[in-house]
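Protein sequence lines correspond, in order, to chains A and B. Going by numbering that gives the first Met the number 0, the first sequence opens with residue 0, and the numbers climb by one from there. Going by numbering that gives the first Met the number 0, the second sequence opens with residue 0, and the numbers climb by one from there.
What the hints contain is simulated information worked out from the structure, not anything from laboratory work. Wrong hints could be hidden among the right ones.
Pairs involving identical chains hold if they fit within one copy or between any two copies, as the list cannot separate such chains.
[As the list claims (entries may be wrong)] List time: in silico PhoX-like cross-link candidates among lysine-lysine, alpha-carbon distance up to 25 Å:
| no. | residue 1 | residue 2 |
| --- | --- | --- |
| 1 | K250 | K199 |
| 2 | K107 | K251 |
| 3 | K107 | K72 |
| 4 | K260 | K229 |
Number of protein chains: 2
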Amino acid sequence: MKIGIVGLGLMGGSLALSLRKLSFVSNIYGLDHNVEHQKEAIRLNLVEKLIEFDELCRLDVIILAIPVNGVIKSLQSLDNKISETTTIIDLGSTKEIIVNAVPSSIRKNLVAAHPMTGTEHNGPSAAFEGLYKDQVVVLCDLEDSGTHQQETAVRIFSGIHMRLSYMHAHEHDRHAAFISHMPHVISYSIANSVLAQEDKYNILAMAAGGFRSMSRLAKSSPHMWEDIFKQNKGNLLDAIETFQTELEQFKKEIKNDDWEKVSEKMHRGNELEDIFS
Amino acid sequence: MKIGIVGLGLMGGSLALSLRKLSFVSNIYGLDHNVEHQKEAIRLNLVEKLIEFDELCRLDVIILAIPVNGVIKSLQSLDNKISETTTIIDLGSTKEIIVNAVPSSIRKNLVAAHPMTGTEHNGPSAAFEGLYKDQVVVLCDLEDSGTHQQETAVRIFSGIHMRLSYMHAHEHDRHAAFISHMPHVISYSIANSVLAQEDKYNILAMAAGGFRSMSRLAKSSPHMWEDIFKQNKGNLLDAIETFQTELEQFKKEIKNDDWEKVSEKMHRGNELEDIFS
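Pulled out of the complex, with its shape left as it was, chain A reads as follows (with noise of 0.2 Å):
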């Protein structure tokens, strides 16, 4: 099988490094509209060699791991140019916009996917061979995608031995505003109100793990996380509101002294730990 992935940064480069340990995978290149990028990629050996946008066509299978707007873009390009086997696997933040734009002729092609991992760090040099280990894939709108398709995008992400999950589109997108791209945003918001004090450097000093835990999102790419919020919005501001109003009403309980209810919240705030352990 040979590959070709688009984008070699955290996740196109990761991606690169698990694959190279499938027996079934004989060939890796890649492409990056970076100039840096390619260089880096190539000294840290993520792939085999760099090779052009229309060599892609020759492939089994092509990965896009770029921003959904180069998802949308590459899928237009690739119209027309590839096989009825050509297996197209994106790997874009928000799902229905892509799912919605892909041309028709290609659409059994395209697995929409969304491997749920991820660091706050990004390029070539973030890559590491363990991101995608036992983390969760979401497939969007599979039954959209060919049955040889469909076969090759998970004989991909299990052999990298991820967990599949499987979830319409429309669904993924509200579900990634709640259990993403709000925490994004929250984490922002945190570390702009320490940093906007007049004594920050005091208050900095003593940050420990709460707050580092609190605030790590907020190291995070704004190119990247500025198109997703773009591309998720309606969902992004449902979730911030939904926050808001559950913050407003803890608020206000520790305000008029309603200590029963904030520690009801608490409690149920515990529910995470049996939930994910």
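With chain A held as given, fit chain B onto it using these hints.
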């Protein structure tokens, strides 16, 4: 040096494990009002033996690793019973209420300390030796402690490899609200926002490192945090409101497609990378 630790949970138990490595510490005794915790602490060999409260008065150092209310009660009970050279160190999470409540006759005996460390777990079984190493301890209003007591506290905290920071109790409480107490309220609110969704299990199945970071503090002890929220209520409400203003502004900018400002906010949040690295 003979040391008695009141409260053998995460903080007291971990401190016992660190203190036993110090050559100048000869004995470590403990007490805990919870019978289960007493048994656990002995089974885990956290302290040499359990003692009664009154026996504390004969020791060189008394460490109060209990909630703030307990600290205040203990200080009142120790009044008129300890010698001039006894050092009391309290580890309470809010400090102004403590330095205001300590009986003036033993003010010099007290060192008001707040080690900025912890985990979301509690009780003797959560204790581990490395909890304090390389973490910050804030010593509040240290000039009000006796010279001998200042030296003893510095010797102990330096001995277990903590980084010492000095602050007024009032300033500490305000900073702690921003760096620790407000982030806890937010983490509980994030957890509850998701747990309130009808399809919470499908959403939580998508949780990766980001959501786990942001919701980890929601696993903290409701009992302990209710006390902290009560004791630092004014500062906490201020910090929550600062955060709410920040978040509301961020939301409006997303809503209004003001992507330049959204990007600015995210770049500002990225500053933490430099400060923490």
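message: I want to check one pair: K250 and K199. Are their C-alpha atoms no more than 25 Å apart within a copy, between two copies, both, or neither?
response: Intra 23 Å, inter 23 Å, cutoff 25 Å: intra and inter.
- request: Check K107 against K251 for me: Cα-Cα at most 25 Å, and say if that holds within a copy, between copies, both or neither.
  value: Intra 52 Å, inter 39 Å, cutoff 25 Å: neither.
- prompt: Is the C-alpha distance from K260 to K229 at most 25 Å within one copy, between copies, in both cases, or in neither?
  reply: Answer is between; shortest inter-copy Cα gap is 13 Å, intra-copy 36 Å.
query: Between K107 and K72, at a C-alpha cutoff of 25 Å, which is it: within one copy, between copies, both, or neither?
result: So K107 and K72 pass the 25 Å test inside one copy only (17 Å; across, 71 Å).
Violated hint for the displayed structure: number 2, the only one.
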